[in-house]
Amino acid sequence: MEPVLVVLATLATLGRVWLLIGLSILSGWALAFLSIRSRAFETVYVPLVNAFESIPVIAFLPIVLVVFVSRLGGPLGSELAADFLVFDAVAWNVWIGAYQSFKTVPEHLGEVAENYNFGVVRTLWNLFIPHSIPRITSNLFSSFADALFYISVSEVFTIGLHTYSTFGIGTLIVMFTANGDISDLILALTAIGVAVILTTLALTRLSRKAVARYGLDTRGDITTRPGPANARSRWLRAFGGPRRRISARLTRTAAERDLRTGAPTPTKTGMLVKWGVYAILLGIAAYILYGAAQLIVSVPGTEWNSLFAQTPFLLLSMGADYLRVFAVAGAALAVSITLGYYLATHPRANEFVAPVVQTVAAYPAPTYFPLFVGATIGFLVVAFPFGYVELYVFILGFLACFYYVFFDFWIGVQAIPSEFWEVMENHELTFRQRMRRVILPATFPYLITGISSTINSAWAGIAIGEFWPNIVGNRTLVVQIGMMKFIGENLAAGNVASAAWVSLLFAVVVVIYGLFFTRNLMDLARRRYVVEEGVYAG
Amino acid sequence: MAAVGGRGSQSQPEPRSRTPTLGTTGALSAETLEINRAAIELECTRLSYSYPAIKGSPAKPVFHGIDIKVCKNELVAIVGPTGAGKSTILRCLGGFVHPNEGHVYLHGQEVLRPSSKIVLIHQSIATFPWMTALDNVKLALTCKKVDEKEAERTAAAMLDLVGLGANKSSYPKELSGGMRQKVAVARALAASPSILLMDEPFVHLDEIAAEELRREIHSLVFNPESTLDAVVLVSHNLTEVVELADRVYVMNGSPATVIDEFGIDLPRPRALRDSSFLLSVDHLMGDLNTPKTKP
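Chains as they are written, first to last, in the working numbering: chain A, 1 to 538; chain B, 1001 to 1295.
Mixed in with the good hints there might be a few duds.
Derived Cβ-Cβ restraints for the label pairs, each shown as a range [claimed, not checked]:
| # | chain 1 | residue 1 | chain 2 | residue 2 | range |
| --- | --- | --- | --- | --- | --- |
| 1 | A | L323 | B | E1207 | 58 to 68 angstroms |
| 2 | B | P1224 | A | R213 | 52 to 62 angstroms |
| 3 | A | V508 | B | E1207 | 52 to 62 angstroms |
| 4 | B | G1286 | A | A349 | 45 to 55 angstroms |
| 5 | A | R436 | B | P1224 | 28 to 38 angstroms |
| 6 | B | F1222 | A | F431 | 28 to 38 angstroms |
| 7 | A | R213 | B | N1289 | 33 to 43 angstroms |
| 8 | B | E1207 | A | A279 | 55 to 65 angstroms |
| 9 | A | A279 | B | K1060 | 55 to 65 angstroms |
Hints are computed from structural coordinates only; laboratory data are not their basis. Glycine included, C-beta positions come from ideal geometry on N, C-alpha and C.
Chain A with its partners taken away, still in its complex shape:
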């Protein structure tokens, strides 16, 4: 294999990812602006984005197949299918970041815009967009990591006898793995490693510059005293954003207001932009609905009966997956709390370990997982003959989600005011007492966010790990029971309707779960566990 091809494929993948990140930023600004201008739009948009963010990319495969592969077909269909899946991995995060930035533009700046009669375009350009840049830039870390995680699923997928692929490093990795071409696989993984490190460094610089230039709050930089709370390193500044978005969701201050009342008076251009975006969104929604309706109509009555008959089994499979997800999330939480607390209280280790974790987090586990399986399966089959598949699924799930809860907790610990640390030291609280009475309550909002993101991401790892044909040679990684296994097997068999049906069921459960579990816990966090309220300053 030509190394040039690997480099080109890496560049193609990076180009695809960055192009789609760019698209998600542009669309995020437009949608965020619509949200702050129209309560009706906001009421639909925000819960929808939150719900979609929770659904693993793989669950969208049936839609992709219907809309892009079946209807468009050819290289364009495959390319658009891959683009859609990558977009799905990056967009929600960026969209939420843009929305929250727009919602929290300081009141006094909004008044300046009104005072000088900026109009829609100038207000967007001079106020909303600059204000959103630090948060969006910070969100790019997780967006980039998410996009890469799914790259081996997005760029190439097999339905029945057909394999659909587009040029990129994900496709090459799948090809090398299938052919057992270890040397080329290592070359490709090295190329991804270089890309990940360079991108992480570039994003860190970009994020710092964005905060320095566009950030309104620079308190984090003004630190004069050593100590855990002042260990808010440059990495916190760089990575704080995506997690801080959640704490911002929980801790709106009086200075932040709903700008709907202070938004600029609609002008002709503004109205045109607004209705233009509405039209585009409606067009996309209509196209997707049309595709879905066609699918529904094309399914014969007997197939529907079969789908309904399978539903109890599918719900059972979903239950098995939830057990896996909770096991993975629990382990990630335990490790994160231990490591996060250690790093937050050991600034030197923090400066070194945090960037390493961030880089590792951005390295897509599915790309190197086959190598790991190849190296360990001989031993694990003997050591755990009945549990080795579950162990692999657990590991992949852990690799997919660990860093979410880790960074959330880590940032939460560092956001604890220095006064609280001094009170803990002063009253000589033991580690257990600190955890129980201060650290865990203080980080509760961050933990809820972290657990929520972790559960969502754990699905990603489990989705890939439950059914992985030919992961090493002819060996297929497949669990006994699982919803993601069901989707994978049905897609491989070309049974799109069954896969789509279980995806729909899953989407419903995710939304219900989000409404009744995540939302309630977040409400509790908002009511009680706001650490910023603990330090009174006039």
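Got chain A; can you put chain B on it based on the hints?
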């Protein structure tokens, strides 16, 4: 008429030996500043501290050669301009920050880390928002492995002492700034410390709440139930300092040094418009307006 004595911006003094007494004449002169070493509760010697070097810029010395002695039943104030390192000195005294040079001794034993023998009250009032006022105070007793019922009784007594007996079940956000600071004071007293460090404790309160708390604080911290031996107060509010302190250390310069040390022997409660009181304030003002000197 108060006679205010000090050593101005002269060289560092030799340790003096005297037990300061609070008179009712409102007079305290230079010769009354001698301190009896046996009465010293907390002492720091030749304390120096620099902010660590940051990329491209050298370490920044904040204060240098600070000697402070705090005797039994004394409320000692440290005043100085912003950036003189007053809060850092307080944290050195409490063992929260390690000085680059010098040592801190409590009852003759070196202070190496924070403990509940020396409790700090913060300027940004630190109460845990997820705990009630009672639980916030009880926190001070958790490390002492006090029985739960006993802890609750002690915490309730401390809240009664600071006048918050009716607010035991209130969460901090349901309390005013002054009430929150009283919770912090109650928590500090519940720990039965020897020394109380107060870092601008009234700075975030409105003037009425601050004045009310100032009037109460002396009797609160030196009440018969308290185990406190002494208090160290950091402030840049000169009226507050003269109102509360028995003795004052004035810091100035860059790096800051102690440029003056004098006692305030005015009867309590102190009358803010009394000429002796105003003279003391003027004296402090004069110290702080003295041209900054290098050590």
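Need the list of violated hint numbers for this structure, in ascending order. none
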